[in-house]
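Here the protein sequences come in this chain order: A and B. The opening position of the first sequence corresponds to residue 1 in my numbering, with each subsequent residue numbered one higher. The opening position of the second sequence corresponds to residue 1 in my numbering, with each subsequent residue numbered one higher.
Honestly, I wouldn't trust all of these hints.
Lysine to aspartate or glutamate pairs mimicking EDC-like chemistry, simulated, CA-CA at most 16 Å apart [unchecked claim]:
{"no.": "1", "chain 1": "A", "residue 1": "1", "chain 2": "A", "residue 2": "84"}
{"no.": "2", "chain 1": "A", "residue 1": "103", "chain 2": "A", "residue 2": "3"}
{"no.": "3", "chain 1": "A", "residue 1": "42", "chain 2": "B", "residue 2": "38"}
{"no.": "4", "chain 1": "A", "residue 1": "103", "chain 2": "B", "residue 2": "30"}
{"no.": "5", "chain 1": "A", "residue 1": "68", "chain 2": "A", "residue 2": "56"}
{"no.": "6", "chain 1": "A", "residue 1": "1", "chain 2": "A", "residue 2": "39"}
{"no.": "7", "chain 1": "A", "residue 1": "42", "chain 2": "A", "residue 2": "84"}
{"no.": "8", "chain 1": "A", "residue 1": "98", "chain 2": "B", "residue 2": "30"}
{"no.": "9", "chain 1": "A", "residue 1": "98", "chain 2": "B", "residue 2": "59"}
{"no.": "10", "chain 1": "A", "residue 1": "103", "chain 2": "A", "residue 2": "56"}
{"no.": "11", "chain 1": "A", "residue 1": "98", "chain 2": "A", "residue 2": "17"}
{"no.": "12", "chain 1": "A", "residue 1": "98", "chain 2": "A", "residue 2": "27"}
{"no.": "13", "chain 1": "A", "residue 1": "106", "chain 2": "A", "residue 2": "56"}
{"no.": "14", "chain 1": "A", "residue 1": "68", "chain 2": "A", "residue 2": "27"}
{"no.": "15", "chain 1": "A", "residue 1": "98", "chain 2": "B", "residue 2": "56"}
{"no.": "16", "chain 1": "A", "residue 1": "98", "chain 2": "B", "residue 2": "102"}
{"no.": "17", "chain 1": "A", "residue 1": "68", "chain 2": "A", "residue 2": "3"}
{"no.": "18", "chain 1": "A", "residue 1": "1", "chain 2": "B", "residue 2": "59"}
{"no.": "19", "chain 1": "A", "residue 1": "106", "chain 2": "A", "residue 2": "84"}
Think of the hints as simulated: they come from the structure by calculation, not from any bench. As the structure is a computational prediction, the values presented were derived from the model and not from experiment.
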Amino acid sequence: KQEVTQIPAALSVPEGENLVLNCSFTDSAIYNLQWFRQDPGKGLTSLLLIQSSQREQTSGRLNASLDKSSGRSTLYIAASQPGDSATYLCAVLVRSEKLVFGKGTKLTVNP
Amino acid sequence: NAGVTQTPKFQVLKTGQSMTLQCAQDMNHEYMSWYRQDPGMGLRLIHYSVGAGITDQGEVPNGYNVSRSTTEDFPLRLLSAAPSQTSVYFCASAPGLGYFYEQYFGPGTRLTVT
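Put together the whole structure using the sequences plus the hints.
Written out as structure tokens, the structure is:
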């Protein structure tokens with residue numbers, strides 16, 4: 001059974017810092033990995049999708065990497081801002097039907 | 001495009017009542033799904049559909065029913081609400097299945113069963 005773990009569960013950093021969020025999964029048989037952002041009381045906003053054959057994807061200040069063989073992904077946020085404060089979720093797509101989610105990392109960026 | 005819409009935003013039910021959570025998308029996506037989000041549990045798949053007329057169970061289907069009569073709509077029915085169904089429910093859609101397709105989520109319905 002696929003399990004997804006995100007460490008740390010919470011992270012607090014000063015504004016301007018570069019940071020890395022970690023995601024690990026137990027079964028490398030995935031189709032893709034998706035990073036989401038969730039603001040309190042809101043839905044999920046897709047940030048980046050990495051197909052299983054890809055190594056990384058970039059969007060603005062965000063860069064996500066994928067190492068399928070070791071079951072790891074990282075989300076790198078450059079020059080963090082208070083507006084980046086949110087919970088970040090990673091999810092892997094298995095058997096083409098189901099996203100398996102981690103429990104998220106709650107990020108606070110302090111001005 | 002409105003994307004994925006869900007109604008209602010909030011709902012309070014008494015134990016034993018039934019109701020339908022509505023989900024609609026205007027992106028002509030074939031794949032739609034329902035998840036519930038509980039503290040400490042993450043998001044878990046309830047039911048999904050790969051196209052009109054086709055549905056299947058996810059990880060936690062008990063107590064829920066779905067149907068997909070059109071591409072646009074995928075309602076979730078609670079047959080007899082129980083306090084264990086207190087949760088936030090999210091609907092998601094994607095153009096198809098597999099490597100290439102990003103999933104899009106609605107804003108959620110917060111359900112309380114007393």
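(message) Output the indices of the hints that this structure fails to meet, ascending.
(response) 1, 4, 6, 10, 11, 13
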